[in-house]
Each structure stands twice: as C-alpha cells, then as structure tokens.
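Peer 1: Next come the chains, spelled out residue by residue.
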Amino acid sequence: MGFFDILDMLGTIAFAISGALMAIKREMDVFGIFIVAFVTALGGGILRDVFIGNTPVWWMGHFYVVHFISISVLLAILFRNRIYFLVKSLFIFDTIGLAIFTISGVQIGVSANLDPAVSVVLGIMTGCFGGVIRDILCNQIPIIFRKEIYALASLAGALCFIILYSLNFDKNISYISTIVLVVVIRVLAVRFSISLPTFTIKK
Amino acid sequence: MGFFDILDMLGTIAFAISGALMAIKREMDVFGIFIVAFVTALGGGILRDVFIGNTPVWWMGHFYVVHFISISVLLAILFRNRIYFLVKSLFIFDTIGLAIFTISGVQIGVSANLDPAVSVVLGIMTGCFGGVIRDILCNQIPIIFRKEIYALASLAGALCFIILYSLNFDKNISYISTIVLVVVIRVLAVRFSISLPTFTIKK
Amino acid sequence: MGFFDILDMLGTIAFAISGALMAIKREMDVFGIFIVAFVTALGGGILRDVFIGNTPVWWMGHFYVVHFISISVLLAILFRNRIYFLVKSLFIFDTIGLAIFTISGVQIGVSANLDPAVSVVLGIMTGCFGGVIRDILCNQIPIIFRKEIYALASLAGALCFIILYSLNFDKNISYISTIVLVVVIRVLAVRFSISLPTFTIKK
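From first to last, the protein sequence lines are chains A, B and C. What the first sequence shows, in the UniProt record's numbering, is residues 1 to 203, in sequence order. What the second sequence shows, in the UniProt record's numbering, is residues 1 to 203, in sequence order. What the third sequence shows, in the UniProt record's numbering, is residues 1 to 203, in sequence order.
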C-alpha cells in the first residue's frame, strides 16, 4: 500500500465520517447512518462510473472500502459529542480526500479517452457529488451549492492535474502539486471567509 | 406463471400502492402519483441494474409490469379514504415484496459473478431503495433511515438466501425460508416496537 | 446546423435558464446555479442514457452544449430582476424544448430496438426529468408532479411522434406535427388553467 493509497483511505474515512455525523444529527438509525456515510464517501465515484459506463461500479470490486466506512461510522457514533473536535480534525483529511478523489476522477476520464474538459468535470463530480447526494438524503439543499469554496478548489485541482499530466510531468509531482493547491485554496478560503458570489432578486 | 411470480406481482403491487398513497397525501396529480408508484416499485431494481451495468434496465424488457403499476395507482385512488384498511392489508404483501425483491437482487449479483458481500448489498438495494427514492421525490428524509426494521429484515433475508444458495439447498426451500425469515422479523419488530438504535448529541 | 438543431439549442437554453433562475431564488452561489442549470437541461437525457446503457452519456461527446449552458447562466444572472419578463419570453422556447427533447428520447429508444411503449417512456423521461432533478436539488416536490400539464403534453408528443414514425411519415413532417401538438396542448392548458386531477383524502 503506497503513500497515495493511504491518503485515499484517509480521505474516504473523512468523507464517511462527515456523512455519518450529518445522519446522526438528523436522528437517523444505524442503517441510515451507514447508508449516508457510504454515499458520501462513494457517491461521487458511483455517479462517475455510471455516467461513463464503467460498471460494475468501482466499490463492487474493492469491497474492503466498506470496512473503512464501517469503521468511520463507529468513530462518528463514539465521538458524536465532540463534533467540534471531530470537524476540526477532519478538515484537513476531508480536503485531501477532495483532492485525491478529484484526481482519480480526472485520471479515469483520461484513461477512457474522454475529452480533457469532460475529464475535468468527472474529477469535480467524483470529488464533490458524494456530498451532494448526502445532502439530498438528509433533505437539505446541497451545502456546496451555497456556502463553500469546495467546488472551486476541486475545479482548480482538476485543471492543475490535467495540465501537469498533459505536459508529461512526473506522476508523483502532479499528485503532490494538485493536493497542495487544493489544500491551500480551501484553507485560505476558510481563513478569510471567501465564498463564491450569490445574487439577490429585487422584489 | 409460477407461485413465486405471483408473490413477485403481489409485492410489486404492494410497493406501488404504498408509493401512490404517499403521492396522494402530498396532493400530487395523476402523473405524479403514477411516477412515485413506479419508482417505489421499480427504483430499487433500476439502481441495481445501473450499478452493475445490466442495461437496458429490467422493466424495459418486462413492460407488463407497468400495467400492474397502473392498476395499483387506480386501486390507491379508489380506496384512498380507507388508508388504514389499505395499509394494514398491504403490510403482509409489502413484506413479501421486500423478501422477493431482496432475493432477486442477490440472485442477479451472484449470476453476474460478483462477490457474495456485493450480492448481499445488491439484494438490500433492490428491496429497500425504491422506498428511498419515493421519499426523496416526496421531499422527506427516507423513512427506512429513521424508523423501520425494514432494512434489517432485508439484510437478514439476503444473508439467509446467499448462505442456503452457497450450501446448494433446493431453490424453492431457499426461497421459502428467506420469505418466512423476513416476514417473521418484520412482524416481530412491529409487534414489539423494536427498531434500530439512534443516537442523540449532547448540546 | 439545421433548423431542428437551432430549436434544440433554444430548448436547451430555455431549460438551463429555468434551472438557473430557480437556483438564484434559492440563494445558491455561482457553482450551484451552474449545476442546477446543467441538470435541468441535461438531466433527462442523462437518465435516459444511463437506463439504456448508452454510455458515456450524450453530453460527454457534445461538450459544446456546456457553453450554451454557461451562456444561459450568464443571462439568468444578468436578467434576474426581470423574472416576469424572462419567464414569459421563455415559455415558448421551453415548450419547444420539451417537444424536441421528447422526440429525441423516443428516437433513441427506437434506434436501440426497444419496445414502442418503452420508447414513449424514454421520450417523457428525456423531456420532463431534468425539471424533476432540478426540483430535488432545490429541495422541493417536483412541480410537474403537482401543477403542470407539462407531462401530458410530453406524453401526447411522444405518442404522436411514434405513430407518425411507424406509419413511415416524412421525418420533418413528424417533427413539426409533434412540436405543434405539444405547443398547442401546453398553451391551451395554461390559457384555460387546465391541470391533471388531484385527489383529497377525507379525514
């Protein structure tokens, strides 16, 4: 298991915990908590695979990922009263997960000979849409449509990776540059409360 | 048409009626009622087929099922003022439907040479996710994430069926044992108000 | 670019603007507005392609459509304070879009050798389900399940087109007859406030 597999695993766990915590807040039972954790971690990749016909979808051939999700659910339930602590300590892994998931989406698009622009969209989808499905299951308007610079960080990461890739940069350098870029954008956005513009309608 | 086809049909009708009733309560029009009935009965199977690449999805090759759904919609509209009676008399068919749909999901996973654990997940998906999509379309948090032992009965059924199957038990015996197990679990759960644990967060 | 491609483009833009306007009303940021515009315009086609296994889904091979959607988002943001004007002037393009999308769904079903009834369903799905996903993302019960004759116009168009097609009518005549029928039904429905029946439940 290489360095990036470990990052990928940490990202998956961070995503799953964020799903589990939201499900607990919605007073779901254990089954609901597990499903929401599952789709938060794997939903983006499922959409990506289904849209390009890459079936059976990824996790069906990598069932060990379900064990990571189960562990995440357990952690979320055990530490549910320390949410502030959890959310804070998850932030960095969640952002790394966003970067890694974005990269994996771009890579899969490129391997399937899709247009670079489509591959960038697949990257954003893989990184961001688990959270979108999580919010739909929890009956709220997706957070990333409203408050976060999340999607922008993912877009920047996807563009960075595909440019480095097409310039034949070393894979590891491309990975690390992308991860650093995504983390820097998100940290700065949160630090300085930067968000994308919204628009009001005059009555 | 064999015995299990009849059970399958009764299950489909029970699922469709439960969808139609919820749509009527939400004051949807005839089109909305039909669509919600449709996805409640077929949504789990659609997800399963899409996830494993089994396309065109099942109902496209078995269009007669749409007639059953139309009949269910008609029944739901006609008897909408006797919901208590409807819900009570549907309970047993709904549970049989859950068992049959779970079995069909497991079987399709096994035929596609998927991992047994993945097949179990496909069974639960086929049995339970029509109701999840129904609730999303009706703008509420999925009921099975909150109150029901539904998913657990489906899980138990899927495990039971795949164990009997891998032990080379007779197909009919496997079917009947699974159905009985699912019905017993759900009846006991409702009778004794058993549900999965939820967790509160201390403020 | 032929006459029908132009109608198709106008329909896509009308759909995308309707999505963008709803997202602006929900106070989404630019990313959310874009995504909702995207799924409103392309969601029906995505579902259709995924259900019949026509992957990668259509827009991945026709990425120029994303530029139309970007323009639509820009228009919606610029003219957001003239919603009444926008909605009124979009009505006709939106209805033409419904007709064209319905036709394209039916055609794809027929080319895939699916049952005519299934092709009709694919037509309705392509025409109507972008709006359904838009409403789910905006956390409301889909409008077409409650108020509109929208789906009925799409059904009539799909039936009209498949009948003319199976009678070997000229393609252009079939297109135009279908578009006229859909427009007439929707205009009459709005003019005379006709809607599908709903049902109340006695307490």
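Incorrect hints may have been included.
No distinction is drawn between identical chains; accordingly, a pair holds when it is met within one copy or between any pair of copies.
Listed next, the in silico SDA-like pairs over lysine to any residue satisfying Cα-Cα at most 20 Å (straight line) [as the list claims (entries may be wrong)]:
id, residue 1, residue 2
1, Lys-25, Ser-193
2, Lys-202, Ile-77
3, Lys-171, Leu-155
4, Lys-25, Asn-139
5, Lys-25, Ile-96
6, Lys-202, Arg-26
7, Lys-171, Phe-85
8, Lys-25, Asn-168
9, Lys-25, Gln-140
10, Lys-88, Gln-140
11, Lys-25, Ile-141
12, Lys-25, Asp-115
13, Lys-25, Phe-91
14, Lys-147, Glu-27
15, Lys-147, Ile-52
No lab work stands behind these hints, which were simulated from the structure alone. Remember, it's a predicted structure, so these values are computed and weren't measured experimentally.
Peer 1: Of the hints given before, which are not true for this structure?
Peer 2: Result: hints 1, 5, 7, 8, 10, 12, 15 break, sorted rising.
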